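Chemist: Full structure from sequences and hints, please.
Each residue of the sequence shown is one higher than the one before, counting from 85 in this note's numbering.
Calculated directly from the structure, the hints in this document are not laboratory data. A couple of the hints might just be wrong.
[What the hints assert, rightly or not] In silico DSS-like links for lysine-lysine, alpha-carbon gap of 30 Å or less:
#	residue 1	residue 2
1	LYS153	LYS251
2	LYS264	LYS251
3	LYS216	LYS264
4	LYS178	LYS216
5	LYS153	LYS235
6	LYS198	LYS251
7	LYS178	LYS287
8	LYS235	LYS186
9	LYS186	LYS153
10	LYS251	LYS171
11	LYS164	LYS216
12	LYS124	LYS317
13	LYS186	LYS287
14	LYS198	LYS317
15	LYS198	LYS308
16	LYS251	LYS287
17	LYS317	LYS178
18	LYS171	LYS317
19	LYS171	LYS198
20	LYS164	LYS153
21	LYS216	LYS317
22	LYS198	LYS178
23	LYS124	LYS164
24	LYS178	LYS308
25	LYS317	LYS235
26	LYS251	LYS164
27	LYS124	LYS198
28	LYS317	LYS186
29	LYS235	LYS264
30	LYS124	LYS171
31	LYS171	LYS264
32	LYS153	LYS287
33	LYS186	LYS198
[To be verified] Taking CB as the label site, the calculated pair distances span:
#	residue 1	residue 2	range
34	GLU227	GLU154	42 to 50 Å
35	LEU254	ASP147	24 to 32 Å
36	LEU200	HIS262	22 to 30 Å
37	ARG122	SER92	22 to 30 Å
38	ASN121	LEU240	47 to 55 Å
39	SER199	LEU150	37 to 45 Å
40	GLU227	ALA161	19 to 27 Å
All figures in this text were calculated on a predicted structure; none of them were measured in a lab. Ideal Cβ placement from N, Cα and C applies to all residues, glycine included.
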Amino acid sequence: MNIQYNGSNYFGWQMQDNAQTIQGELETALLPLGDGNRVKIIGAGRTDTGVHAFGQVAHFELDTRLSLKEIRNAINARTKTDIEVNKVEIVDDKFHARFSAKERYYIYQVYTGKSLLYQNQSWHIPSLDVEKLNTTAAIILGEHDFLSISKYNPELDHTMCTVYDSKWTLSDDMITFHVKANRFLHHMVRYLVGTMIAINQEKYTNEEFLHILNNPQRNVRIFKAPPNGLILKQVSYE
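Modeler: So this is what it looks like as structure tokens:
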């Protein structure tokens, strides 16, 4: 299924004890369809606290006579208004929302205007140079070890990622970072955005950033953007 959500009121995607999460809300909504038994949902990306999604993808197994439309409507009827299932499809038994994904597409929104309407979906910064941001964004294209630009996870076999697209765009008062890659590490996009903006504000240099990227190590002191501007836009499987 394809899902959108406003993550402002949730402690991320992944189920947690005594915390409201996206996975937890969806699984609760599915309980009546599973005759009271847990229907486990696996997401393509485990978004963090306060992070949003336009196109999160998840899979689950359910033995039911309901139509796809009825399943979608049943879930949406039992979730809050900040979670919406866009579409439900039948997939091959070998499909896995996380491991079958070929590309993930995130955006990060930076708002330079004065309206309060965007405060939960963007990072407010009065002024940025988009041309300089794009000079920095080009550095990460291709395959790199992003160990230095992520939260360390000892369970990972490796920290290599291939970035297919990395650019900033400007539309009115919204500056948006677009990044597509085969995979993303924990907090990777937020560290990228935070560091690019720090360079833009002359707190850091492109040369220092390139040195960190080319010399991967743990616990590097770099800048991290807040979660509210980050949105999982699309997950691709072909």
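Chemist: Now, for every hint given, state plainly whether the structure supports it.
Modeler: Here's how the hints hold up against the structure:
Between LYS153 and LYS251 the CA atoms are separated by roughly 37 Å; this puts the pair beyond 30 Å, and the hint is violated. About 10 Å separates the Cα atoms of LYS264 and LYS251, which keeps this hinted pair within 30 Å; it holds. Restraint check: the Cα-Cα separation between LYS216 and LYS264 comes to about 20 Å, which is no more than 30 Å; the hinted pair holds. Only pairs whose Cα atoms come within 30 Å are accepted, and LYS178 paired with LYS216 is rejected, the gap being roughly 44 Å.
With a CA separation close to 39 Å, the supplied pair LYS153 and LYS235 exceeds the 30 Å bound. With a CA separation close to 24 Å, the supplied pair LYS198 and LYS251 stays within the 30 Å bound. About 47 Å separates the Cα atoms of LYS178 and LYS287, which puts this hinted pair outside 30 Å; it is violated. Pair hint LYS235 plus LYS186 holds up; C-alpha atoms about 22 Å apart against a cutoff of 30 Å.
A threshold of 30 Å between alpha carbons decides the hint, and for LYS186 with LYS153 the separation of about 27 Å falls inside it, so the pair holds. Taking the CA atoms of LYS251 and LYS171, the gap is near 29 Å; set against the 30 Å cutoff, the hint holds. This hinted pair does not check out: LYS164 and LYS216 have alpha carbons roughly 40 Å apart, beyond 30 Å. Restraint check: the Cα-Cα separation between LYS124 and LYS317 comes to about 23 Å, which is no more than 30 Å; the hinted pair holds.
Annotation: proposed proximity of LYS186 to LYS287 is violated, straight-line Cα distance about 35 Å (limit 30 Å). Between LYS198 and LYS317 the CA atoms are separated by roughly 25 Å; this keeps the pair inside 30 Å, and the hint holds. Straight-line distance between C-alpha atoms of LYS198 and LYS308 comes to about 23 Å, which keeps the hinted pair within the 30 Å bound. Distance check on the hinted pair: LYS251 and LYS287 sit about 20 Å apart at the alpha-carbon level, within 30 Å; holds.
Between LYS317 and LYS178 the CA atoms are separated by roughly 24 Å; this keeps the pair inside 30 Å, and the hint holds. Restraint check: the Cα-Cα separation between LYS171 and LYS317 comes to about 15 Å, which is no more than 30 Å; the hinted pair holds. Between LYS171 and LYS198 the CA atoms are separated by roughly 35 Å; this puts the pair beyond 30 Å, and the hint is violated. Annotation: proposed proximity of LYS164 to LYS153 holds, straight-line Cα distance about 18 Å (limit 30 Å).
Distance restraint check for LYS216 and LYS317: the Cα-Cα separation of roughly 24 Å lies within the 30 Å cut-off, and the hinted pair is therefore satisfied. Taking the CA atoms of LYS198 and LYS178, the gap is about 48 Å. The hint is violated against a cut of 30 Å. Simply put, LYS124 and LYS164 have alpha-carbon atoms about 19 Å apart, close enough for the 30 Å limit, and the pair holds. The suggested pairing of LYS178 with LYS308 is violated, with an alpha-carbon distance near 36 Å, which exceeds 30 Å.
This hinted pair checks out: LYS317 and LYS235 have alpha carbons roughly 21 Å apart, not beyond 30 Å. For the hint pairing LYS251 with LYS164, the CA-to-CA distance comes to about 34 Å; that exceeds 30 Å, so the pair is violated. With a C-alpha separation of about 42 Å, the suggested pair LYS124 and LYS198 falls outside the 30 Å cut-off, and the hint is violated. As the CA atoms of LYS317 and LYS186 are separated by approximately 14 Å, the hinted pair is consistent with the 30 Å bound.
The hinted pair formed by LYS235 and LYS264 meets the criterion: a straight-line CA distance of about 19 Å does not exceed 30 Å. A distance of roughly 18 Å separates the Cα atoms of LYS124 and LYS171; the hinted pair therefore holds under the 30 Å criterion. Our distance criterion of 30 Å between C-alpha atoms is met by LYS171 and LYS264, whose separation comes to about 22 Å. The straight-line distance between the Cα atoms of LYS153 and LYS287 is roughly 51 Å, outside the 30 Å bound, and the hint therefore fails.
Simply put, LYS186 and LYS198 have alpha-carbon atoms about 38 Å apart, too far for the 30 Å limit, and the pair is violated. GLU227 and GLU154 have their C-beta atoms about 44 Å apart, which keeps the hinted 42 to 50 Å range intact. The beta-carbon spacing between LEU254 and ASP147, approximately 49 Å, falls outside the hinted interval of 24 to 32 Å. At roughly 25 Å, the beta-carbon separation of LEU200 and HIS262 lies within the given 22 to 30 Å, and the hint holds.
The hint said 22 to 30 Å for the Cβ distance between ARG122 and SER92, and at roughly 26 Å that hint holds. At roughly 32 Å, the beta carbons of ASN121 and LEU240 sit outside the given window of 47 to 55 Å. For SER199 and LEU150, the Cβ-Cβ distance of about 42 Å falls inside the hinted range of 37 to 45 Å, so the restraint holds. Separated by about 44 Å at the C-beta atoms, GLU227 and ALA161 break the suggested range of 19 to 27 Å.
In this structure, the earlier hints numbered 1, 4, 5, 7, 11, 13, 19, 22, 24, 26, 27, 32, 33, 35, 38, 40 are contradicted, and the remaining ones agree with it.
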